[in-house]
Amino acid sequence: MAAAKERVVGAAPAGYTALAVKFGERQRSPHYLLVKEHQVREGAGTTHPSRRTLFVLNVPPYCSPDSLSRLFSRCGNVQSVDVCEKPGPVEKKEKLKSKFFNRKTVTGFHVAYVVFRKPSGVQAAKALSQEGPLLISTETHPVKTGISKWIASYAASVVDQEELKAEVDAYMQDYDKKIAEEEAKAAKEEGVPDEEGWVKVTRKGRKPGLPRTEAANLRVLEKEKQKRARKELLNFYAWQHRETKREHIAQLRKKFEEDKQRIALMRAQRKFRPY
Amino acid sequence: PPSADASGPSSSLQPAKLSRAELYKPPTSEELSQLKETEDLFHSSLLRLQIEELLKEVTLKETKKKKIDAFLHEINTLLSAIPETPETELTDQTWLPKGVKVPFLQVPFSVKGRFRFVPPAELKVVGSYLLGTCIKPEINVDVAVTMPQEIFQDKDNLNQRYHRKRALYLAHIAQHFSKEKLFGSVKFAYMNSNHLKPILLLRPQGKDEKMVTVRIHACPAPGLFKPSRFYPNKNNVRTAWFMEQNTPKEGRPPTPHYNNSILCDTVLLSHLHFLSSAATDFPGMKDGLALLKVWLNQRQLSKGLGCFSGFLVSMLVAYLLMKRKIVRMMSGYQVLRSTLQFLATTDLSVTGISLAKDVDSSLPVLDDFHQAFEVVFVDPSGLVNLCADMTASKYQQVQFEAKRSMEILDDWMVDGFQALLMTSKPMLRAFDHVFHLKHVSKLQSTCKKMQLLNELMDRGGNYVAAALPFVVSLLGRGLAGRALLVAHSLPQIPEWPIDAEPPKHKDVGSLTFGLLFDPEFAASTLEKGPQADHPEALDFRTFWGEKSELRRFQDSSICEAVVWKADTICHKRLIPEQIVRHLLKLHADIPESSICYTGALLESVIRTGQEASGTGEEAMVSVICSYDDLSRKLWNLKELPLTVTAVQGVHPALRYTDVFPPIPMKPIYSSHTRMRIKNLLLPSEEKPCPAYIAPLKIICHMEGSGQWPQDKEAIKRIKAAFHLQLAELLHQQHQLVCRPAVTHTDVYKDGYVFRLQVAYHREPLILKEVVTPEGMLKYQDTEESRQLELEILHLPYLTSSLHGLQQQHPVFGSTCRLAKRWVSAQLLSDSISEECVDLLVAFLFLHPAPFTPPSSPQVGFLRFLDLLATFDWKNNPLIVNLNTGLTGEQAIKNKFVAARARLPVMFIATPKDQWSSMWTQDRPSAQVKTSLISLAHLCPILSSTGLFFLQMVFRPPLDFYDVLIHLNPNQIPRHLESVDRPLKSFSRGVVKNSTSVKILFPVVDYDPVQCYLQELRDAFSDLALFFYDKHGGEVIAVLWKPLSFQPQPFKVSNMKGRMVTTLNNELVCVPNVEAILEDFEVLGEGLVKSVEARTEKWTI
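Protein chains in written order, with full-length UniProt numbering: chain H, 1 to 275; chain F, 1 to 1100.
Here are the simulated lysine-lysine pairs, DSSO-like style, with alpha carbons at most 30 Å apart:
1) Lys678/F x Lys165/H
2) Lys678/F x Lys144/H
3) Lys225/H x Lys893/F
4) Lys178/H x Lys768/F
5) Lys716/F x Lys149/H
6) Lys271/H x Lys56/F
7) Lys178/H x Lys716/F
8) Lys768/F x Lys99/H
9) Lys255/H x Lys893/F
10) Lys99/H x Lys678/F
11) Lys165/H x Lys697/F
12) Lys104/H x Lys778/F
13) Lys104/H x Lys716/F
14) Lys778/F x Lys223/H
15) Lys227/H x Lys778/F
16) Lys149/H x Lys1089/F
17) Lys895/F x Lys255/H
18) Lys1041/F x Lys149/H
19) Lys177/H x Lys768/F
20) Lys61/F x Lys271/H
21) Lys893/F x Lys271/H
22) Lys165/H x Lys768/F
23) Lys99/H x Lys712/F
24) Lys712/F x Lys200/H
25) Lys86/H x Lys716/F
26) Lys260/H x Lys874/F
27) Lys271/H x Lys210/F
28) Lys271/H x Lys425/F
29) Lys912/F x Lys223/H
30) Lys254/H x Lys25/F
31) Lys245/H x Lys895/F
32) Lys504/F x Lys187/F
33) Lys271/H x Lys303/F
34) Lys778/F x Lys185/H
35) Lys165/H x Lys712/F
36) Lys895/F x Lys260/H
37) Lys67/F x Lys56/F
38) Lys912/F x Lys874/F
39) Lys895/F x Lys227/H
40) Lys165/H x Lys633/F
Hints listed in this document are in silico derivations from the structure and should not be mistaken for laboratory results. From a predicted model like this one, the values you see are computed outputs, not experimental measurements.
Let the hints inform the model, and build the full structure from the sequences given.
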């Protein structure tokens, strides 16, 4: 392995700075975070303002947003830390994050956006490369891994029934209200022509139209086909008779050809040796 | 590693393409008739072509024939040049030079008579070579050498004198030939392992040595013996001589086998003439015989003492020709069919047949033969029984095979060619239980016990041949009703060099017996005999010995009966073993230590618990009882807004295929942390990890109704609300302890934990909905919808189908569990889905051809390995016809060929899943498939050397992994399930109990090793593969991905776990291996004992 070869420790591609980071005191070989100032071409969004945001690559799995914010707090006040699987434009933060539904956690190695309060924080963070490796888990702020982490997450997976019930009820009330509003709106528009005089035909109302689904379309086509097939006479004319026979022979030939090919292949694989 | 399919792009099938012009051109009359013929006679042209190919492969090439002819000519000239010897006493063998030993067991040694060597009067090629029916791989040319009249005296028919002269004659020839350069090897052998009939084997020099074996038979001059001396009721071996006593004994017991062995030699030439007259103007006979011989070879019937030899089958075809059951117009395939049909319907051990045409009143009649022999097929001379050495059991096996083969040929769904002619049926795979008689010399005492002196004399002292028919019929009687077939291997003695002593009777090695069971009765514990006051009662008592006792039955009759002791199903399966051991001890004087019974050697790997309590069938039944009760409770649940329409289990335990079925458990509070508020227990950091309690997943379908929302997010909320409500109602109405969650509710019942998941049948559809820009509603599969469909639609269906299969085949479940245990022991359980293994095993039961469905888990498992090793996944879909719901098999095959490249590496089609092979879509990968195949290939090597090492099959090779992560046993919750049971075990905080009602909820589905594996795979799946035996493995094996280890240019998206370094003044990314190895320890804090990096193996 490359271990024997000489290596430049902490090398970084253009624009990036490599920061050594270790889990704790005991570990000997560090991982390297690659950091740079976050830049986006078309005007940076509000969540990750361009001069104050530090883009971090290769964050180890045991390094949570909290640990990151602690690590970089010595470079200046950290406003927020966002982690995601891979770099890219961050989708708008969902407004109402549910405690129980659609929870996605970032696992494995990931990337992070650290937003400082001041631009100086970014520069200070880059300068960290001169110091020794950063420690993720320290005595004052231990990070749980292994057994203790799994026990903790087992405990966290136990839901509080009341809370869940309350959330579901609230959501469903909202939903019912929304549906009721939509229905009321549809009922109001029922049979009322728009400004060009078109009337929208829905499944409700007095004259329901066909549903516009793929299945319904296929069903109609199938019916048409059957109707046509019923009208057609089979093997009535002599030429039809001839045609069927010809078709039969062609089928046999095709099959014969396929079988021959199969045999040739099996022969090539020596499939005919009974010993 | 060996692989079943050839590599290279050209080796896979392409759909056939014929141009339109070719397809529709007017047919010639020849073509028409050919197409018509194939349509009528064969199921498809494929079978016809396959048979043609096979015949091409096995028949001898013309060029070789020329070489062989030349070789035979040279032998002829050499033979006539052998010098005469002066006459000596038979016992005086000093004239033979040291380099050759007489190929005959001369016991007793002293015998009257004088011998001299005179060059042969005649040399004739006889047998299959001249008829052109000998087939590869073993080309034997039989040459009959006629010993001149001068050699013989009166009474040479007596006391092996003829046989010894014959042996001396061959020894002299052998001695001379051994000096000739023409021969590559000169050896002796016994003809069909019959030690009375030594033959000389000659092979040409040089590279042709393997090509041909010339077998020299010595035969007497015609008219030397009076045939009447050898009738089956005549005696030709004197008891006094055989026992080496001086006073002649009264009574001359008939010696039919001895007589037959001499008669055989006198009719060699006439048989040749008979067969060649049958073969004239009959081209199909040659092909038919070749096919029949292949058929016999594949079933291991054509070699050894008492075999159904190629010669025998030729005579049988000639017989059928004589009886007009075969006509000369027939093709080879038709000859095969007619012969099998005849064998299937005729029992030669009851109604013998004879080729003798003219009825000579002086000749013995068939009844005489039946008295002397078990199987009767008399030759044209009316004197020789061609089946003299065959046991009735062997013939029954032939008959059974023929019946089975006829069924296969008549079944359109089976590839008859493959099943009949290309699949070999070794005993281990063909029979449900197999046992070996390790020391055949023990049969000597059997002969004594059964008083078989006359038989011994008749067989020239061969105690194996003398005792075998009696032992087999003894077993047959003891297992009547349980076994469909009791078969034995044919004693075989290998050839030996001419300067070695001839092999003794014990040199046949071990004798193997195979039992094929009737699944309904094989495991019954009771052997009911006649009523106590009936005369047969005594017979019954003597047969079963002490085991027989008087019992009173429900119908108030008092009968003799034998009751076998067996508590569990796995012990019941072994009742035949008890019977075999008991009877052999009682009647044949064979000690238990000489019997190596391999009925359940493997089952120890699926035993549950530490004590040998059974193999989990009972546990499975009790799980299912509890599940049935729960589903009844669910149906009848009151106050639910919507009713429950169906309750379907999806956990493997609910289809009998869980490797280790759950056992009722009750937690011990002291070894957990308590969470009082929520009434449940948590694993404790200080204590060993609690025993793994698997949640038994159940899908609970709710009634469809307008109240369901039609939006996927809302459906999720409603389902969660149902989970909450189910938990509450089950607690209120049935006092069950529940733990609801968002996606399920866990219910603790009878010591099991069931995981209820609510399903709404329209949900997958709603997930699929897409509205096109034109406003059309379309349904498109998404990952989410596919997953949900799999869970709530296909998996329940599969579970109920396999549940049904278990009802038909009681060992299906155990076979499946063995198979899964093996896959998992090879560390591959995460790489292949459980359902895929289930289906592979189901295939063995639904499509057993050419075998019968397995009736013991072991034979099922061995066939599973064979299926893995031999199935050609590249060119064939595996079609599992569950519930016989498939008819258009060909359509699947055609579609498969057309789309091969896009389909999964292992394509499995079932009636409900014909095109997508859903259980193999993501797993296994091509590499995993290859390694499965090569691992399966390794196993038969082990099993052919005996089953003694079969447990080895379950120990994975760890040599080729790059890193081994050793785990702390006290944090492995399933440690007790490992193949080699740990000596020391930890208290896992549970006791076996199922009665508790008010308890804190136990820890469910918590397996630290699985959590760890999940984290490892999340973090390092780009760089490495992780393998683990989920049943208590102590090691996680890691394999680096060589491609990811090549230095790569810097890429933002590809920096996971890597570092930047300079190589040849260029910036490149390489995996940060040292840090990753430390990560392995960090992530598995408390679980990992050590990380063993096998740096010496890395070549990256």
